[in-house]
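Chemist: Sequence:
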Amino acid sequence: PQMLPFDGSILVLIFISIPAALLLLIFQNLLLGLQLVRQFNINNLVVKIVPLLLLMILVIAGIASVSTVYAIVLIGTIFGVALSYKHLEKQCDEFVSLSRPLFEKTFNYGIKSYFSVLFSFLVIKQDILMVHYFMGEEQVGYYSIAGELAEQLMLLSAVVGTVLFPTLSAMEEQKHRWRSTKQVLGYIALVMGIIVSVALLLSEPIIMLLFGNIYEPAIKSFQLLMPGVWFLSMASILQNYMGSSGYAGA
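Residue numbers (this note's numbering): 13 to 262.
Don't read these hints as lab results, they were simulated from the structure. Here the structure is a predicted model, which is why all the values come from computation and not from measurement. Hints may be right or wrong, so weigh each one.
[Stated by the list, open to error] 25 angstroms max Cα-Cα, derived PhoX-like pairs, lysine-lysine: (1) Lys124 to Lys60; (2) Lys117 to Lys60; (3) Lys232 to Lys137; (4) Lys124 to Lys137.
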C-alpha cells in the first residue's frame, strides 16, 4: 500500500475490470463473427452511455471520486457483458459449454494475431520515444498532439475493417474475398483521400482553435503525417483481408 498512490479499493476494481473487459471483448467479437452488427453497435453505445449517465449523476450530486469512477466504468462493462451474452444466447440451439479443441484452435491463431498487433502498435508508437530521445519533452508535446489527431482520422478505416473481417471470413471462395476487398479498398482510398486533403487544408485553423497558439509547431508535424494516415488506412483493410484468409500474422 505504501508504494501505491491510491487505496486498495481501486486496485480491487482494476483487477475485476480486467477479466470483465476481456470477456466483453470476446463477446463483442463473437457478435461481429455472427455478423450481428446492429447488436454490436447497441452494446458499444450501452457500454459508453451507461457509465457517462451515472457519472453525470455523481458529479451533480457532488460525490464523484476516483473509486466511484472506476466502479461506474466496471458497471458499464459488466452490463455490456450481460447484454452481449443475451444476444449470443439467442443464436445457440444447444447448451453452451467449454470446448478444449476449439480453444486450442483459436489460441494458435490468436497468438500469432496478438504478436502481429503488438509489433504494429510498437512501430506506430515508437516515434514518440524517438522524438523524446532526439528533441526533448517540449517537442514530444507538439508531436503527440499531431499524432493523436492523425490517429482519429484513421478511425473510419478501423471501423470498416472491423465489420469487413467477419464478412470476408464467411466467404468460402478466395476470389470472392479478394473481389470484395478490392471494392472496399477503392472506396476507402477515395474517402480517405478526401479526408486527408481536407485535414491538410484545415489543419492550421483546427489545431489553433482546439489547442491555442502555443501548439502552432504541431501543425507542420500533423501535415507531414497525412500521407502516412492514407497508406495506413489502406494497410488496415489489406490486413483484414490477409487475416480472413488465414494469415493471422499479416
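Chemist: Run every hint past the structure and note whether it holds.
Modeler: Now for the hints, and whether the structure bears them out:
For the hint pairing Lys124 with Lys60, the CA-to-CA distance comes to about 30 angstroms; that exceeds 25 angstroms, so the pair is violated. As the CA atoms of Lys117 and Lys60 are separated by approximately 32 angstroms, the hinted pair breaks the 25 angstroms bound. Straight-line distance between C-alpha atoms of Lys232 and Lys137 comes to about 19 angstroms, which keeps the hinted pair within the 25 angstroms bound. A distance of roughly 20 angstroms separates the Cα atoms of Lys124 and Lys137; the hinted pair therefore holds under the 25 angstroms criterion.
In this structure, the hints that do not hold are numbers 1 and 2, in rising order.
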